[in-house]
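Colleague: So for the sequence shown, the working numbering puts the first residue at 1395; every next one is plus one.
Honestly, the hints are just simulated from the structure, not real lab data. Fair warning: this is a prediction, and the values are worked out from it, not measured in the lab. Beta carbons: idealized from backbone N, C-alpha and C, even for Gly.
What follows is a set of in silico ranges between Cβ atoms, one per label pair, in the way DEER data are often shown:
1. 1566 <-> 1436: 11 to 21 Å
2. 1561 <-> 1611: 39 to 49 Å
3. 1436 <-> 1559: 16 to 26 Å
4. 1524 <-> 1575: 25 to 35 Å
5. 1544 <-> 1491: 20 to 30 Å
6. 1583 <-> 1417: 22 to 32 Å
7. 1486 <-> 1561: 20 to 30 Å
8. 1435 <-> 1604: 54 to 64 Å
9. 1519 <-> 1599: 17 to 27 Å
10. 1606 <-> 1559: 46 to 56 Å
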Amino acid sequence: MVQGMRELTRWPTIGARTGIGAMLPVGVVIALLVVFSVTSDAFLSFRNLTAVASQASILLLASTGATFVILMGSIDLSVGAIVLLVGAVVVTAINSLDLGLSALAIGTALGTLLGVANGIVFALGLIPSFVVTLGSLSVFSGIALNLLAGRALQYNSPAFDELAIGQMVPHFPNVALVAIILWVVMVLVCFKTRFGRYMYVIGGGEAVARTSGVPVVRYKVYSFMVSGALAGIAGTLAVAREGAAGPAIEIGSL
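Please take these sequences and the hints and turn them into a complete structure.
Modeller: Next up, the structure:
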């Protein structure tokens, strides 16, 4: 039995050294691509790949921002609620003020403010991020549903539609292009900047990071700010892609 336990405990070490854990998700995606390609003739068509890229872009944006929070050992449960609230506010603003592409700035700013609010309560209030974001999830969702009055709210702005469904690159929607560009930028931020390195340091040991001179409280707020900003962009683009904001946007986009 002891020998069996030793064999089991060897697997994580072997996986960490060989990189199996990091490559497993990639292998799963490749396997799914092969299966769907074999079982469906339409899967690899430009039309289907464009639709998949457009839909997955919202999730990519929201999850990229939340990654920084996870790196420092916390969690942001309010990402979907921020997407919903930003979508509701953006559609309301477009219908009231006849906004075009500038609605993206409003959505980004609102998402950033909501993220900062999460970060301040978490970092300064010394409340676990799970509790903070679980509460803000309910608050943000409640405000959004009140704005929407429980129904889908449409808008009429051709310029805003073009933001998502337009194709600056042929057969590649703008929403996917924006998502990939921001993802690349965030990867560079993660590995090439002080902010990214501090996220790893705080996640590895908050007490050690504080002793080393890292301004832990400030960077905790920064991480939630980035998460909120990208969730705000995701919410804005989700509305532009679907042509309306509704109660299901939180679930449908994420």
